[in-house]
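A.B. asks: What follows is the residue order along each chain.
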Amino acid sequence: MTNHWIDIKNSNVVVIMGGNAAEAHPVGFGWVTEAMEQNNAKLVVVDPRFNRSAALADCYAPLRSGTDIAFLLGLSRYLIETEQVNYDYVKAYTNASYIIREDFEFNEGLFSGFDEKSRTYDKDSWYYELDEDGYAKVDETYAHPRCVWNLLKHHIDRYDFETVSNITGTPVEDYEKVCALIGSTHTHDKAATFMYALGWTHHTKGAQNIRSMALVQLLLGNIGVLGGGVNALRGHSNVQGATDMGLLCQNLPGYLKLPNDNDTDLATYLDNYTPKALRPGQTNYWSNYPKFFVSQMKSFWGENATAANSFGYDWLPKWDIQYDFTKHIDMMYHGQVNGYFIQGVNAINSMPNRNKTLAALCKLKYMVVMDPLATETSVFWQKAGEFNDVQPSEIQTEVFRLPTTLFAEEEGCIVNSGRWMQWHWKGANPPGESKPDAEILSGILMKLRELYKEEGGVLPEPIEAINWGYHNPHFPHGEEVAKELNGIDLKTGKQLDSFSQLKDDGSTACGCWIYSGCWTEAGNMMARRDNSDTSGKGITPGWAFSWPANRRVLYNRASCDVNGKPWDPKRVIVEWTNGKWHGIDQGDFNMKLPPKESAHPFIMQPEGVGRFFALKHLAEGPFPEHYEPMESPIGTNPLHPNVISNPAVRMLPGVAETLGSHTEFPYVCTTYSLTEHFNFWTIHCRLAAISMPETFVELDEILAAKKGIANGDWVKVSSKRGSLMTKALVTKRLQPLKVHGQMVHTVGLPRHGGHNGLTRRSYSCNVLTTEVGDANTQVPEFKAFLVDIAKAEGV
Amino acid sequence: MSAQDIILSSGTSELTPAAQVRRKLAKVAKLFDATKCNGCKACQVSCSEWNDLRAPVGSFQGSYQNPMDLSSECWTLMKYQEVERDNKLNWRFTHSACMHCDDPACLTACSTKGAIVQRANGVVDFDSDKCIGCGYCVVACPFDVPRLDPIDQKAYKCTMCSDRIQVGQEPACVKSCITGALKYGTREDMLFIADLRIKELHKRGFTKAGLYNPEGVGGTGMMMILHDVSQPQDYGLPADPKTSVPIKLWQDVVKPLGAAGIIATVAVACLHRITVGRNLVEEDEPAQFDHTHSDKSDKE
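Heads up: the sequence lines are chains A and B, in that order.
Just so you know, we're using the working numbering here: the first sequence kicks off at -15 and counts up by one.
Just so you know, we're using the working numbering here: the second sequence kicks off at 46 and counts up by one.
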């Protein structure tokens, strides 16, 4: 979240789209009801299903799953056409006036530079036109035909109400209502917030869904202000922390990059990832990249990292291709993987195309499951009727189960969606032989070191060089790790106050630069519990620690005009008065600089402004464009029939054959969570199992009548990849939508089916899903794929 | 509990009243605001958690509602109804539990002294030690709340977490409600809050919003703010709940008549003693002392 949970109460219009906060984030949703009651906010819900959030909405609009970009680009077009644009903001704080290279173009669904064979773009043309100093050219008169504003207007001009409705299936009447409500926040005294989650990321154009919303928020001037922002709701209580700590396969902690084969040495690496300012007088905060990286290396390798050995840079693994989990399972499926450590994920149920995942696990030599629960993955070799139809005698994979503790059985920090690092204390002793993950992993490291010492082996250096100076090397304490992540001045031995003290000469060590300030000489900032909110705006600087630098609202310089005067006197975060900055939050800029010199609020960008045009950062284009899901119920793209779905998705060999067509599988299927359960954990919890004992499939009354399916009947749902049996919930909450001259039906599958918990044994919805994922993140398209449905005899 | 806070007790009448109340307490209430409820079932689960209830893990029955019905192991249940009004779909969530009526039909119907009581704070509470499992309360309740346990054959329902509120805590369901749809306090305060909220809802366009606090049962200790108070059936609530006529007759006519009968019997006996004198009986016949009269009137 650019903002945080409590800040939702400051909103005037809350938009829930690409998520279902009332259902999946019920606790945080409390701030929505707060905004509605105390701030007279309006709640807008856009979703294929009339869900629990929709039940409380002032305005609900249905849309076909996988068409959010069309919906949002149409909204952007409407805002510009009706002049519901925050022009002051757009002029001051976006790249609307920047001029784009002459060779950039967009034709028939493709941007310039596409290579059909590799399904990738040569992105050179997706860039600003630079002057002789290397700065981007701008035209503040907006007359230049290639300035971003004119390109944007041209790009989205195709998305009029009728076109949008034809693609999304949203009735024009409903669409207009949503547009008008969101448009009402273009004034300085109003803000809208967007709350989204996996409903946007689980698509082959997930990143572009979010980009489209960012365009809307920039047009309305809603970023950096109270009650606004781009707000991702994280599912697992610590998934924000996992991402911060470099969970993704190409990341290091603090959103630094894991080097690849092209980054041949430290100098090249730093040069590749340290951006140069694109406008004069920029903060360009990533210019500090070498300080963050070298300090991280000092934290990783300790005294073994020296200037002479490039601070241990050569010990880091370098990737050749992206080893995300889809790719990894594919390699396993093709017999290229021997062993698999599974920590904190129920692979067989959570990953797409379950039949393939199951076949892949059968080809392993060994598998280690670190989990507090007996997950379906840990018993994948066991027959469970039709729900896990395997022959144990034919499976040679050796499975080791290492029971771990749950969060409440250990001390540590959890980072919530709003970037708050909240320390928590151990609440109970773990049962049986379970151990904290840190203890298990440390034990493995110690054993590896021992084996290298006794038996030798290839590449012992990184294992030997790791800085493991914990009090008990077999079990690093959470406190020690937290202090390490905060960072230390190696000369004085003192904890750092913030990342601004980091150096690139090896004199500071810091495990994760964005966390710097969480454990200073003053102690554990994450354990603070002063919830006083003197401004009444939900800013509580004494409560826990909000990264970065205890800042609660990111980009908050954008809450003031260029001269430092707040756009809205009722929503002051910072302001320039009497020759000084004052505020209720830590400024997200150099507060020593006067207003005009700090008037580039997006300090992480080398040009300091919000981008309508995203340059080369995304795989499928600098502007969002509507592409159909990989499996489209209409079999065409009404905008450009030759480019139907996202042209830049990765297609692993053999996967194209696993995609179905709308003639064989006519119905859209979408998967989702229910309030009663958290993934596959709570199917092991009796009270949760009582409150939702079995999964089901939701379908509309018209489709049910056509197929002769009554409420509660057993049905068979099939995709090109597999089929499952479940019970039907026939509901008015799903409605067929008129799309491109045909009625499109959507069926919905909750994702909590498992066969090893306390709930009734059920199939996992991922028997049906496809592994084709977002072109940037490779997150699979769990939310829009094609199925058929028929009445069936019961299991 | 010896709090002497019982104002009404089953199996008693005006002639044989319940114990005197030692402390005057304000009546309390739960306020359920359906316009703020997201149907998350936190109330349902926390009720089971606090009261140690574990209904069997059921199966899917065609609804989000699980278990499908209240039971002796499920005292709070979220109900889900899809309703179309004015061409608009609504998904109504109802927090379904004991309404704690001011004039509780269950208590009126109950024949066992003290098995159902109303406390000075308005809470209607079951004492399962005294319950004989006759099921009268189950039949009598206009909201269809109490349930007999299939094993011990005693009636159970929401106690408004009597044990919590006696020590100044809110009921478990209110404690766990995250959207602010459930509130707890004195009835006076809840009525005041409801009034403000309903005015606000009217301004927001919910012109039919109102408070469900039915007079037929003397008002309830759980009041509900509904989007459309003219259609309580959309929330699975009866339009005009009241204590049924036979039960009223029982309480208001038959039982006083019974009491009158007893008095008359005693009067006649005294008269007989005075006018006729003692009946003389043979030594081997059992004594005809009748100590059961007053007890009998309680137990009938």
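Be aware that one or more of the hints could be misleading.
Some but not every residue of chain B turned toward chain A, in silico, with C-beta under 10 angstroms [said to hold, decoys possible]:
# : residue
1 : Ile51
2 : Val102
3 : Ser108
4 : Asp197
5 : Gln198
6 : His247
7 : Lys248
8 : Gly306
9 : Ala309
To spell it out: a stretch of chain B is covered by chain A in this simulated footprint if at least three of its residues, at any positions, have a beta carbon under 8 angstroms from a beta carbon of chain A; those stretches are [said to hold, decoys possible]:
#  : segment
10 : 88 to 97
11 : 218 to 228
By construction, these hints were calculated from the structure, which means they are not laboratory data.
Just so it is clear, CB atoms sit at the ideal spot from N, CA and C, and this is done for glycine as well.
A.B. asks: The structure should be examined with respect to each hint, and the outcome stated for every one.
C.D. replies: For each hint, the structure was consulted:
| no. | hint | in the structure |
| --- | --- | --- |
| 1 | Ile51 | 32 angstroms, violated |
| 2 | Val102 | 5 angstroms, holds |
| 3 | Ser108 | 7 angstroms, holds |
| 4 | Asp197 | 20 angstroms, violated |
| 5 | Gln198 | 23 angstroms, violated |
| 6 | His247 | 13 angstroms, violated |
| 7 | Lys248 | 8 angstroms, holds |
| 8 | Gly306 | 49 angstroms, violated |
| 9 | Ala309 | 55 angstroms, violated |
| 10 | 88 to 97 | holds (count 4) |
| 11 | 218 to 228 | holds (count 4) |
The structure fails to meet hints 1, 4, 5, 6, 8 and 9 from the earlier list, while all remaining hints are met.
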